[in-house]
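There are 2 protein chains.
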Amino acid sequence: MGPLPRTLELFYDVLSPYSWLAFEVLCRYKNIWNVSLQLRPTLIAGIMKDSGNQPPALLPRKALYMKNDVRLLGQHLQVPIHLPKDFFFVIFEKGSLTAMRFLTVVKLEHPELLEKVSRELWMRVWSRDEDITEPQSILAAAEKAGMSTGRARELLERVSTPQVKNQLKETTDAACRYGAFGLPVTVAHLDDETYMLFGSDRMELLAHLLGEKWLGPVPPAATARL
Amino acid sequence: MGPLPRTLELFYDVLSPYSWLAFEVLCRYKNIWNVSLQLRPTLIAGIMKDSGNQPPALLPRKALYMKNDVRLLGQHLQVPIHLPKDFFFVIFEKGSLTAMRFLTVVKLEHPELLEKVSRELWMRVWSRDEDITEPQSILAAAEKAGMSTGRARELLERVSTPQVKNQLKETTDAACRYGAFGLPVTVAHLDDETYMLFGSDRMELLAHLLGEKWLGPVPPAATARL
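Going down the list, the sequences are from chains A and B.
Positions 1 to 226 (UniProt numbering) are the ones given, in order, by the first sequence.
Positions 1 to 226 (UniProt numbering) are the ones given, in order, by the second sequence.
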């Protein structure tokens, strides 16, 4: 028996394109590195409010840069990311509250589907420029991830229950306690230390901290599985 | 004869620790990749003003994160970076105007020493917590980089001339025209496209854009030369 796997917590919101990038890279590495990956659906709006941070896209030059950066990283990381046409409307008006509450219920009831449902929501909003706020949008993502329509409807009915609201709030608070001022946040629990890494661009550093090999954003095993 | 090297411009300020990280990685790769590296001393205060951006350290959680991040990246990248004790005083009160004007004269008169003098200034402020604003501090860095005291004094006398002031302003304006909202900025001129990359964490992406190999932040050739 080898050493126990180290735990990685990934705090993410499907409204955040950099969260998608981190998510895909960690999902590729979870079977390569000796780690246990815990996906933690979080509300980015809650993080911004609690930390006093502003979304980077509010500064015009950052918004312009981000559009190019996300496009280039998508190509490099082989994640089919495409910016929604009305970026500001999607991020600042529509938001992700129901979607993230839905993922919270999925985690509680069907943790085995959390990765797939999360990915389908990103595919909608950050690849095909489709809505993720209406009930039928969320149901469509759940079905595409392999959940039955009936079960998806049952879970969707629970998004406004105190249990689910509180769970999402608790996860968001936990990210804040780790020092989050945006998402994604990866928390690595090593034998004697805990590291909080912000963004999708600390994965090579994470490998270094874990004492694991960095094989680039598309490691050979991940390619083989596609 | 192989293909002509592509040009990389690195816009940097010695007040910026992430600039130092990008600088060392690019200095390691300039002899490994088929590139010509142009070092461009820039004033970060001018970039922040022109873009309307705020230094990240003004947000308490970002300041806290940055301290850890810089420490971890320094270890991973093997750059002997240590935060000055009074971080805020160094960045917000003392600044880097004279130092960056001095590097501007060095680039004009002794481009072959620019890399070394820049590194010695970073070693002062971001490794040994020493001043970089007083004349004797700048002279000490220049001498450590191999410049004679007499020559360093001559150059220092020129930091307030219109030629030098204008040159630093022009370089800062050039970075802004590329869309800079902070430093470092790496501009990669490829055959048919120009890419602007912000920060020290786009080096693997840069390798991808150049069609060159990423061998980690400390490539074997760089280790061999140490």
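If you are wondering where the hints come from, they were derived from the structure by calculation, not from laboratory data.
Please note that the accuracy of each hint is not assured.
Pairwise CB distance ranges, derived in the manner of DEER restraints [what the hints assert, rightly or not]:
1) Ser160/A <-> Thr133/B: 34 to 40 Å
2) Asp191/A <-> Glu193/B: 32 to 38 Å
3) Ala174/B <-> Asp173/A: 33 to 39 Å
4) Ala221/A <-> Gln136/B: 16 to 22 Å
5) Leu215/A <-> Phe87/B: 52 to 58 Å
6) Glu130/B <-> Asp86/A: 48 to 54 Å
7) His189/A <-> Glu193/B: 24 to 30 Å
8) Asp192/B <-> Thr161/A: 37 to 43 Å
9) Asn31/A <-> Pro3/B: 26 to 32 Å
10) Asp86/A <-> Thr194/B: 45 to 51 Å
11) His189/A <-> Glu130/B: 33 to 39 Å
12) Pro80/B <-> Ala221/A: 22 to 28 Å
13) Asn68/B <-> Leu64/A: 25 to 31 Å
14) Cys27/B <-> Glu154/A: 21 to 27 Å
Only pairs whose alpha carbons sit at most 30 Å apart, straight line, appear in this in silico DSSO-like list of lysine-lysine [as the list claims (entries may be wrong)]:
15) Lys213/B <-> Lys169/B
16) Lys213/A <-> Lys165/B
17) Lys67/B <-> Lys169/A
18) Lys67/A <-> Lys94/B
19) Lys169/A <-> Lys213/A
20) Lys144/A <-> Lys67/A
21) Lys67/B <-> Lys49/B
22) Lys144/B <-> Lys213/A
23) Lys94/A <-> Lys144/A
24) Lys67/B <-> Lys49/A
25) Lys213/A <-> Lys169/B
26) Lys67/A <-> Lys67/B
27) Lys213/B <-> Lys49/B
28) Lys49/A <-> Lys49/B
29) Lys165/B <-> Lys67/A
30) Lys169/B <-> Lys144/B
31) Lys116/B <-> Lys94/B
32) Lys67/B <-> Lys30/A
33) Lys144/B <-> Lys67/A
34) Lys30/A <-> Lys213/B
35) Lys169/B <-> Lys67/A
Positions of the beta carbon are idealized from the N, C-alpha and C atoms, including for glycine.
Against the range 22 to 28 Å, how does the distance between the Cβ atoms of Pro80/B and Ala221/A compare: consistent or not? 35 Å, violated
Pairwise beta carbon distance, Cys27/B to Glu154/A, judged against the given window 21 to 27 Å: 59 Å, violated
Take a look at whether the Cβ-Cβ distance between Asn31/A and Pro3/B falls inside 26 to 32 Å. 39 Å, violated
Given the hint that Lys67/B pairs with Lys49/A, does the C-alpha gap stay at or below 30 Å? 22 Å, holds
Assuming the hint says 37 to 43 Å, is it satisfied by the Cβ distance from Asp192/B to Thr161/A or not? This hint is violated: roughly 55 Å between Cβ atoms.
Range agreement (Cβ of Thr133/B with Cβ of Ser160/A, hint 34 to 40 Å): 58 Å, violated
Is Lys67/B within 30 Å of Lys30/A, Cα to Cα? 28 Å, holds
Are Lys67/A and Lys67/B close enough, with their CA atoms no more than 30 Å apart? Satisfied, since the Cα-Cα distance of roughly 28 Å is no more than 30 Å.
Take a quick look at whether Lys213/B and Lys49/B sit within 30 Å of each other, Cα to Cα. 36 Å, violated
Taking only the CA atoms, is the gap from Lys67/A to Lys94/B under or equal to 30 Å? 34 Å, violated
So does His189/A sit 24 to 30 Å from Glu193/B, Cβ to Cβ? 42 Å, violated
Does the hinted range 33 to 39 Å hold for Ala174/B and Asp173/A at CB? 44 Å, violated
The structure does not agree with the numbered hints 1, 2, 3, 4, 5, 7, 8, 9, 10, 12, 14, 15, 16, 18, 19, 22, 25, 27, 29, 33 stated previously, though it agrees with the rest.
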